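Peer 1: Here is how the chains run, residue by residue.
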Amino acid sequence: MTVEDPRTTAVTGLGHYVLGLGDDALVLSERCAELITRSPTIEEDLAISNIALDLLGQARGLLAHAGELEGAGRSEDDLAYLRLDTQFRNCALAEVPNGDFAFVMLRIYLLSEYFILRYAALADSADSQLSAISAKALKEVSYHKLHARDWVIRLGRGTAESAKRAQAALADAEPYFDELFDDTWIHPDLITAGIAVSEAALRDQWQAALDKTLSEADLELPGASRPFSGARHGRHTEHLGNLLALTQSLHRAHPGASW
Amino acid sequence: MVNLEDIRTAAASVPDPEIPVLTIEDLGVLRDVAWDDAGGVVVVITPTYSGCPAMAEISNDIKSTLGHIGVHDVRVETVLAPAWSTDWISDEGRTKLSTYGIAPPAPTRRDGPVPLTLVSVRCPQCNSSDTKLITAFGSTACKALRKCRSCEEVFDHVKPY
Ligand SMILES: [Zn+2]
Chain A
5 MTVEDPRTTA VTGLGHYVLG LGDDALVLSE RCAELITRSP TIEEDLAISN
55 IALDLLGQAR GLLAHAGELE GAGRSEDDLA YLRLDTQFRN CALAEVPNGD
105 FAFVMLRIYL LSEYFILRYA ALADSADSQL SAISAKALKE VSYHKLHARD
155 WVIRLGRGTA ESAKRAQAAL ADAEPYFDEL FDDTWIHPDL ITAGIAVSEA
205 ALRDQWQAAL DKTLSEADLE LPGASRPFSG ARHGRHTEHL GNLLALTQSL
255 HRAHPGASW
Chain B
55 MVNLEDIRTA AASVPDPEIP VLTIEDLGVL RDVAWDDAGG VVVVITPTYS
105 GCPAMAEISN DIKSTLGHIG VHDVRVETVL APAWSTDWIS DEGRTKLSTY
155 GIAPPAPTRR DGPVPLTLVS VRCPQCNSSD TKLITAFGST ACKALRKCRS
205 CEEVFDHVKP Y
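Note that the protein sequences, when read in sequence, are chains A and B. In this text, residue positions in the first sequence follow our numbering: the first is 5, and each later residue adds one. In this text, residue positions in the second sequence follow our numbering: the first is 55, and each later residue adds one.
A few of these clues could be false.
Label-pair distances were calculated between CB atoms; the ranges are [stated by the list, open to error]: (1) A/260 - B/74: 28 to 36 Å; (2) B/144 - A/46: 26 to 34 Å; (3) B/179 - A/82: 46 to 54 Å; (4) A/46 - B/75: 20 to 28 Å.
Chain A is faced by these chain B residues, among others (derived, beta-carbon under 10 Å) [as the list claims (entries may be wrong)]: (5) 104; (6) 190; (7) 193.
Okay, derived cross-link-like pairs now, DSS-like style, lysine-lysine, Cα gap no bigger than 30 Å in a straight line [claimed, not checked]: (8) B/201 - B/150; (9) B/201 - B/186; (10) B/186 - B/150; (11) B/201 - A/143; (12) A/143 - B/150; (13) B/186 - A/143; (14) A/168 - A/216; (15) B/150 - B/117; (16) A/143 - A/216; (17) A/216 - B/150.
For the record, the hints were derived by calculation from the structure and aren't laboratory data. Predicted model, so just to flag it, every value in this text is computed and none were measured. In this text, a Cβ means the ideal position worked out from N, Cα and C, and glycines have one as well.
When you get a sec, could you build the whole thing from the sequences and use the hints?
Peer 2: As structure tokens, this is what we get:
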């Protein structure tokens, strides 16, 4: 019988956890980056590309840290470019396709509210590097939220068409809500030790923020969708594979390419 | 041998690649310059934003600037904590920004970013406070774009952060 050293297990678990945080930022960044030169106005193009860039910076810090914790010599690039979709730990809400502008903004809004709660808690993490990355990221996602929230309200209270689209976006996003607050992918020792944050514990605050926004936007949660789960454990929607095929192809064809 | 004060002065003179009117010291990006145990120099910098694309360039600029004064054994370290804030932009930096035509940031609040629509910003050209936000995300991560209603000038604003 082998006895696991709980300390080692928790450290392994920490690398896994930080990877999941990094994957959330990376995959949402990739989705936002798809809109560069394709946004409805130049101002929005700049906004979405700035958001993509902030998220990419967060992902780089988190993936580099995950690689150090893993201790196998994998760099941030190795982790971003050379893993299979089943090895990604991001939530499915970050990976589903952009759809129309209403969905783009709603998704950024929903995940920004979520990241704000998570990073605010992790700013006090017992892991000093995770705490430093989080304190910095918190300022950025707070700014993203202000922008995306404005749009959700503007679309909800805009024309009949924009309200219809915003409402449809909400119905499309809702199946992915439950997964955001699932702790099963996090080593419980990490939460007990004040290193990681329980995502389940964030749900009430997130819901309250969402309810307030939806009420200002004259939108309603349909509340009838079948929840999706499994992405945190590597069972993703088919969309992640397509996204990675695009983002990883250059690096796989020309390993170590730079310009 | 070059003394640490000279090395610090040289490092502090490196311009920010995105707002070249400011040095990395004016901007608060330069955190520390010190000897390491092996007799080399460690320069510590902090990014303004997580995704700041200028960090690699700043690092190279520091090395080449120090190379000009004969200091070649240089390591540039990036630290994230404490997180950079626009409050770290020096008074001199704020004056330079205004002169250059960029509105400097107001002091930040501790409880998160202020919605930009609520910020009162003076036009760097005519000093009017009757200005409006055009877009919250400007040409670089740290700037928003505004327009002056008095003189019609469009200008960058370093957003409080
Ligand atoms: Zn003016």
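Peer 1: Quick one: which hint numbers does this structure break? Sort them smallest to largest.
Peer 2: Checked against the structure, the only hint that fails is number 17, while the rest are satisfied.
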